[in-house]
Structure formats: C-alpha cells, structure tokens
Amino acid sequence: MPDAQQSPAAPGTAERFEPKIVALFCNWCTYLAADLAGTSRIKYAPNIRVVRVMCSGRVDPQFVLEAFARGADGVLIGGCHPGDCHYQEGNYKTLRRYHLLKRVLREMGIEEERFRLEWISAAEGDRVKAVVNDMVEKVRALGPLRARVPEQVLEEALVS
Amino acid sequence: MKPKVAFYWCAACGGCEEAVVDLAEKILEVVAAVDIVFWPVALDFKYADVEAMADGSILACFINGAIRNTEQQEIARLLRRKSRLVLAFGSCAQLGGIPGLANLWDRQSIFQAVYSEAPSTVNPEGVLPAREYQDNGHRVRLPGFFDTVSALDDVIDVDYYVPGCPPTPKILADAVATLLSGKLPPKGAVLAPDRALCEECPRKDAKPEKLAITEFKRPHQALIERDKCLLAQGLLCLGPATRGGCEARCINGNMPCTGCFGPTSRVHDFGGKALSGLASLVGSNDAGEIARILEKIPDPLGTFYRYSLPASLLGRKRTPARA
Chain X
421 MPDAQQSPAA PGTAERFEPK IVALFCNWCT YLAADLAGTS RIKYAPNIRV
471 VRVMCSGRVD PQFVLEAFAR GADGVLIGGC HPGDCHYQEG NYKTLRRYHL
521 LKRVLREMGI EEERFRLEWI SAAEGDRVKA VVNDMVEKVR ALGPLRARVP
571 EQVLEEALVS
Chain U
3 MKPKVAFYWC AACGGCEEAV VDLAEKILEV VAAVDIVFWP VALDFKYADV
53 EAMADGSILA CFINGAIRNT EQQEIARLLR RKSRLVLAFG SCAQLGGIPG
103 LANLWDRQSI FQAVYSEAPS TVNPEGVLPA REYQDNGHRV RLPGFFDTVS
153 ALDDVIDVDY YVPGCPPTPK ILADAVATLL SGKLPPKGAV LAPDRALCEE
203 CPRKDAKPEK LAITEFKRPH QALIERDKCL LAQGLLCLGP ATRGGCEARC
253 INGNMPCTGC FGPTSRVHDF GGKALSGLAS LVGSNDAGEI ARILEKIPDP
303 LGTFYRYSLP ASLLGRKRTP ARA
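These protein sequences, in sequence, are chains X and U.
Using the numbering used here, read the first sequence as starting at 421 and increasing by one per residue.
Using the numbering used here, read the second sequence as starting at 3 and increasing by one per residue.
In isolation and in its complexed conformation, chain X is listed as follows (with noise of 0.2 Å):
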C-alpha cells in the first residue's frame, strides 16, 4: 500500500498524480449516461478511459485483472439499474462476480476503493459527473497502483 506521504504527487515532481481508470459501461444505461453528460454539457474529470460494452454482464473478471496489471489505477463498472437489464438479468451477474473478485483483489493488495461496481440508467448524467469524480479523487489519494512492477531481470531482485 503506498503510505498517503508518497501520494499524490511522485517525490521530486510538482505535478499533481493523474489516475488513469478504466471505465467498462454497458451500452444501453451507463454509456448512455455519459452520452448524456456529453450533450447536457456536465463537465466531471478526464481521468477515465470509457470502454462500451454491451452489458456490464459481458465485463469477465479477467478484464478488471488485465487492466490492473496493464498499469490502471482504477477500474470502475457501470450498469443498468438492478431489474432495468437490458438482458434480464446480466447485472446480477455482474454484481455476483463483483462481490468475489473484489475480495480476491483485496487479497492481492488492490485497495477497495480503486474497483467500483455503479448503476448508473440513461437518464442519470449527473451521476456520471458525481461517481467518477468522486472515484478519481480516491484514487488520487491513493496514489499509482503499478500492480504489475517488472521483475527486469529476476538476479536484481536476490539477496545480496
């Protein structure tokens, strides 16, 4: 866990850390909602990487661990309110999976708040700007994750 000393900012730079987090929005609420943001004008942090897909159901666990190990700060899901799925019932999925993958991360070392599961319907712009600000200020606290550091070459990481 990077201590609160080390964050926001890399020692040595003025610059203030810029999480990047990927956003994973179903196609028929959330990214609607965005959509909304967009044309309504709502201006919310541009720290997010929007990636469309048709339901948050189609979000496998694997997708949240490649964009941790990948160098994301944060990965935030966004669904249809529960009932409101476009497919019945790919959100319960989504949140059955969320509640399991989120203590595997925890075990990792992945702080709770860097995964975010949020439903978000079509008609709620504002929330977009609200969940995501909200999110990226966490993160900021945070500090970077480099969940995946690179191991160069194995000999540099032995006792000496």
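If you are wondering where the hints come from, they were derived from the structure by calculation, not from laboratory data.
Since no wrong hints were added, every one of them can be taken at face value.
Chain X is faced by these chain U residues, among others (derived, beta-carbon under 10 Å):
no. : residue
1   : Ser278
2   : Ala293
3   : Leu296
4   : Arg318
5   : Lys319
Restraint ranges, calculated between C-beta atoms of paired labels, are given here:
no. : chain 1 : residue 1 : chain 2 : residue 2 : range
6   : U       : Val23     : X       : Glu532    : 46 to 54 Å
7   : X       : Val471    : U       : Asp24     : 46 to 54 Å
8   : X       : Glu533    : U       : Asp288    : 21 to 29 Å
9   : U       : Gly184    : X       : Asp455    : 56 to 64 Å
Don't be surprised by glycine CBs; every beta carbon is placed ideally from N, CA and C.
Fit chain U to the known structure of chain X by using the hints.
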C-alpha cells in the same frame, strides 16, 4: 541409439517424481524406449555430467516445479541448452503451482516468518540465508532466493506443458508416446484435451440445466452424494473452468475438482475465469444475500488461484516494498 530423456525438479513437493514412478511396470516400456541421462531424484548424475553433454543432445527434458531460487533457474537454463524439447511437467512448472502461493508474501516476509517468528525456530543471532558464507577460511556459495516465484516459462522457453498436480500416469504415458511418435503437436501445446472437465465428468448427466447455489459447503461439512453433480450439492467444484484429461479422479474419489489441470486454451487467467463462472451460479439477485452466500467461500484467492498465482495476470500480491 535410444533417444535421451532427462528429468529435473525445481520448487516442488516430489509428487511429480512420484507420478513417474506411478507408471509402475509401464516404466519398463519407457526405459526400453529411451535412455534416462539425468534424474537427480533417482539416479546419481552430477550437474557436471549435464554440462559435458553436447548441446541439443537430449531429446526431451521433463522439468517439474516452480522457479523459487537461482539454482533452479541456472539448471533450467542449462537443460534448455542441452535439450531439443523442454516439457513443463505438472502444475508448478506450468502455472507456478502451490509453491506459487508464496507470492502472497515476499522474500523479506517469508524470511521473517520462517527464520524468526515460527514457534519452532530458535535463531537468537537472527541468521538469514545468505548467498555466501565464510567459515574457517572456506567459502560456501548458496542459491539465492527470489522475491517472487515464477512458472518455468518465465525463465526459459518451454515447448510443451503436461498439466496436473501431479500429472496422471495416463497423461504422462500419452506425452511420452506423443514425443516418440515423431508427430509433434504445435509448440506451446498443453498435452491434454482442450475441453472442460465437466465434459468428461461421470456425473455430467446429474448436472441440472440451471444451477442456483444458495449455500456453499466445504467437503467436510457435507455428506456428499456419489452420483449427483457436486455443484448441485453446493460444493465448490472447479470442473466447469478446468481442463479435462485427468479421468475425473477427484470426482471419482467423491471430492470436488480443485483445478490442477489449469485452464483451457481460451483462458488467460484461470482464477479470474473460475471465479466468474462460480460466482454467476449464486442463486440470488440481492446484494446482501449474495454477499452472505459468497462469505461461505473462506479463501477465494487460495481457492481460485490454488495452482496458478505466478502465471496469473497480476502474478503476485502487491506488497509495500514493491508499491
């Protein structure tokens, strides 16, 4: 001249060596067909004997175990040079295996636990393993201990994978037959069927069309029925996510699959995929209820990554020293 074969072990329990012995009288057929030129657990050869061999002179080298220290890395590299084919034999070599769960710690915390905190340890001087040791003018060099456990293919190029903890005699015999047949599968192949264990499960017909698990049970908490799908009985069986080819040995022993044959070829992260499949079987749509049902899985990481943490997407736990 008979083709030459070598066996080596890295960080492993010895079970994979046992698997070779478990060929029983079939081992005579193997010995009749090949010359075993190096097998530390059973035959007296030295590393120098291997160094003296011509490069590429060994047809196939079976390496079991994960890479935990520099000696294993060094010998794996040496054997790679001397062998035309290298096979990662067993879960530890293929995916990191049980020793790979040490990646939830790091060198420092492991040394601390083993050489200072363990109740059976008496070490008032705080001696820790060192790479060099001087005593009475003699200098001893010891293998270095890596911070992180790796699968074999993190260290050397691997031609084929033989899955299992340990591989079954049938899987091993088939692998040897494949090598001797001369009809080699594509490089990187796992020498086992590329389908999930459920496909060949003897209880397949007892698997309900739709599974909805409302209570997970551990094997000691249930009277397990012999002919009913284990998932339908609430047991955490990893059959849906695990490669088949093991002849469903655990299932036949009335125990759930723990995933030792690893993933099929379409999966990058065994634990992530197994978790995904299992979690979606939870029979509730209510957040609180779902959490309550899943609480009955006491150690999700150890359950889903039991054999594959080093080969997983994250590879290890993030520790303060590394962050």
